[in-house]
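K.L.:
Read off the chains here:
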Amino acid sequence: MDATTVLAEVSGSIATVGYGLAAIGPAIGVGIVVGKTIEGVARQPELAGRLQVLMFIGIAFTEALAFIGIATGFIFGF
Amino acid sequence: MRACAECFLARRRTGCTDAPKLEPVLFTQAATLIANAESSDGFHAPSIWEFFPDAVLFAGTPFAITRINLIQMLATAVLVILFVIGTRRMKLVPGRFQSVVEMGLDFVRVNIAQDLLGRKDGNRFLPILTTIFFMTLFMNLTGVIPFLNIAGTSVIAVPLLLAAVSYVMFIYAGVKKSPGNFFKNSLMPSGVPWPLYIIIIPLEFLSTFIIRPVTLTLRLLMNMIVGHLMLVLFFAATQFFVVTLSGWWTALGVGTLAFGLVFTLFELLVAFLQAYVFTILSAVYIQLAIADEH
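Here the protein sequences come in this chain order: A and B. In terms of the numbering used here, the first sequence opens at residue 1 and continues consecutively. In terms of the numbering used here, the second sequence opens at residue 79 and continues consecutively.
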């Protein structure tokens with residue numbers, strides 16, 4: 001058995017790869033949400049508290065997609 | 079595999095020129111090492127079955143109680159006892175313990191309920207929002223407490239129950255305020271040319287009445303499951319590197335241990351954040367349901 005066969009062998013649930021792919025979109029989304037919030041706070045520091053609440057709501061909606069990704073892995077991976 | 083490595087060494091000694099490169103052999107050795115350890119009692123990779131432990135009490139009956147159920151009961155008991163003690167003899171000038179309790183209650187009252195719903199509606203929905211927040215918080219926190227080590231919310235029953243409560247609550251709030259307005263606001267956003275309603279109404283129905291409770295459940299549940307799996311992975315890897323492999327692998331074990339500790343702190347943050355997000359989303363859904371116009 002050579003190195004390629006040992007290392008490239010895929011066993012177990014392939015759904016984990018799907019989750020990795022599903023995490024890309026929400027990752028970018030959360031990045032944009034947080035980045036824009038920082039921008040907003042830098043422009044108008046007195047709104048920091050209000051913007052933070054909105055940021056968490058935005059993050060919650062965005063990252064839900066990533067968690068749906070994990071869930072489908074568990075649901076269809078078995 | 080071992081034969082492979084030995085023949086490689088033998089060729090090295092005899093000065094053979096067509097010896098394989100060093101790198102693949104090292105990889106192969108590492109792979110064999112890991113494969114061997116996995117087959118024996120070495121590395122225990124975390125799996126989803128950790129969330130379905132064997133029953134401790136009443137096994138076989140529909141009321142079987144597992145370790146996680148006991149942890150949920152413990153979290154509930156601690157929460158109730160803390161609040162009963164904290165609010166039993168209220169003083170005008172609060173003592174240290176009372177002020178901590180008041181700070182927690184005030185956080186939900188001022189920063190979540192009144193901030194999003196206004197004073198009148200905020201106070202109306204305050205009891206249920208407070209309950210949701212502290213129940214989620216305490217059950218999340220058991221995930222990072224040593225010897226408990228699993229969040230009470232990491233089985234679907236708790237998030238599903240809380241999401242159902244939140245779902246019924248925002249529909250109740252909207253229907254009580256004005257049924258026509260509630261369904262019009264949530265299904266037919268204004269400022270859209272009428273032919274588009276054919277597409278928009280089903281989509282809005284899906285997003286408001288189906289996606290909302292599902293994401294509320296999944297967000298909390300998956301955060302707790304993933305957090306637990308991550309911590310188990312780090313500490314199991316540490317144990318594997320230091321105890322099973324030992325030698326130079328201990329250096330990697332130090333790294334995984336450090337990451338495990340960092341992620342424990344991260345889980346502490348997540349436990350609080352998820353309780354906050356769950357409560358604030360419930361409040362936002364109520365806010366949208368009782369809004370007069372969009």
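Because the hints were derived from the structure by calculation, they are not lab data. Every residue, glycine too, gets a C-beta built ideally from N, C-alpha and C. Check the hints yourself; a few may be wrong.
[Said to hold, decoys possible] Label pairs and their computed distance ranges (CB to CB): (1) A/Gly31 x B/Pro271: 20 to 26 Å; (2) B/Arg197 x A/Gly20: 43 to 49 Å; (3) B/Arg174 x A/Lys36: 28 to 34 Å; (4) A/Val34 x B/Lys254: 17 to 23 Å; (5) B/Ile159 x A/Lys36: 42 to 48 Å.
[Claimed, not checked] Quick partial rundown of chain B residues pointing at chain A, CB under 8 Å, derived from the structure: (6) Leu296; (7) Met300; (8) Val304; (9) Met308; (10) Tyr354; (11) Ile358; (12) Val362.
[To be verified] Over the 12 Å line for every Cβ pair with chain B, so calculated as not near, a few chain A residues: (13) Ala27; (14) Gly40; (15) Arg43; (16) Gln44; (17) Pro45; (18) Glu46; (19) Gly49; (20) Arg50; (21) Ile57; (22) Glu63; (23) Ala66; (24) Ile68; (25) Thr72; (26) Gly73.
K.L.:
Against each hint, give a clear statement of whether it holds in the structure.
P.N.:
Cross-check of the supplied hints:
For A/Gly31 paired with B/Pro271, a C-beta distance near 34 Å fails the hint of 20 to 26 Å. In this structure, B/Arg197 and A/Gly20 meet the distance hint of 43 to 49 Å, their C-beta atoms being roughly 46 Å apart. Judged by the Cβ atoms, the range 28 to 34 Å given for B/Arg174 and A/Lys36 is violated: they are separated by roughly 40 Å. Between A/Val34 and B/Lys254 the Cβ separation comes to about 36 Å, which falls outside the hinted range of 17 to 23 Å.
For the pair B/Ile159 and A/Lys36, the supplied restraint of 42 to 48 Å holds, since their beta-carbon distance comes to about 43 Å. Hint on B/Leu296 holds. Least Cβ distance to chain A is approximately 5 Å, under the 8 Å limit. Here the hint on B/Met300 is kept, as its CB sits about 4 Å from the closest CB of chain A, short of 8 Å. The interface hint given for B/Val304 holds, since its Cβ lies 6 Å from the closest Cβ of chain A, which is under the 8 Å cut-off.
Residue-level restraint check for B/Met308 is violated (minimum Cβ-Cβ distance to chain A is 12 Å; threshold 8 Å). Restraint check, B/Tyr354 versus chain A: the minimum CB separation of about 7 Å is within 8 Å; hint holds. A distance limit of 8 Å between C-beta atoms decides the matter here; for B/Ile358 the minimum to chain A is near 6 Å, and the interface restraint holds. With its C-beta approaching chain A no nearer than about 6 Å, B/Val362 sits inside the 8 Å limit, and its interface hint holds.
Once the 12 Å rule is applied to beta carbons, A/Ala27 is consistent with being away from chain B; the minimum gap is 14 Å. Non-interface status of A/Gly40 relative to chain B is upheld: no Cβ of that chain comes within 12 Å, the nearest being about 18 Å off. Even its closest Cβ contact with chain B, about 22 Å, leaves A/Arg43 beyond 12 Å, as expected for a residue assigned away from the interface. With a closest Cβ-Cβ approach of about 18 Å to chain B, A/Gln44 is found to remain outside the 12 Å limit, as its non-interface label requires.
With a least CB separation of 19 Å from chain B, A/Pro45 remains clear of the 12 Å interface cut-off, as annotated. A cut-off of 12 Å between C-beta atoms confirms that A/Glu46 is not in contact with chain B; the least separation is 16 Å. Not every Cβ of chain B is farther than 12 Å from the Cβ of A/Gly49; the closest lies at roughly 8 Å, contradicting the non-interface assignment. With a closest Cβ-Cβ approach of about 9 Å to chain B, A/Arg50 is found to fall inside the 12 Å limit, against its non-interface label.
Not every CB of chain B lies more than 12 Å from the CB of A/Ile57, the least distance being 6 Å, so the non-interface label is violated. Chain B draws A/Glu63 into its interface by the beta-carbon criterion, the shortest separation being 7 Å against a cut-off of 12 Å. With a least CB separation of 8 Å from chain B, A/Ala66 falls inside the 12 Å interface cut-off, contrary to its annotation. Chain B draws A/Ile68 into its interface by the beta-carbon criterion, the shortest separation being 6 Å against a cut-off of 12 Å.
A beta-carbon of chain B comes within 12 Å of the beta-carbon of A/Thr72; the shortest separation is about 10 Å. Listed as outside the interface, A/Gly73 is inconsistent with that label: its C-beta sits roughly 10 Å from the nearest C-beta of chain B, within the 12 Å cut-off.
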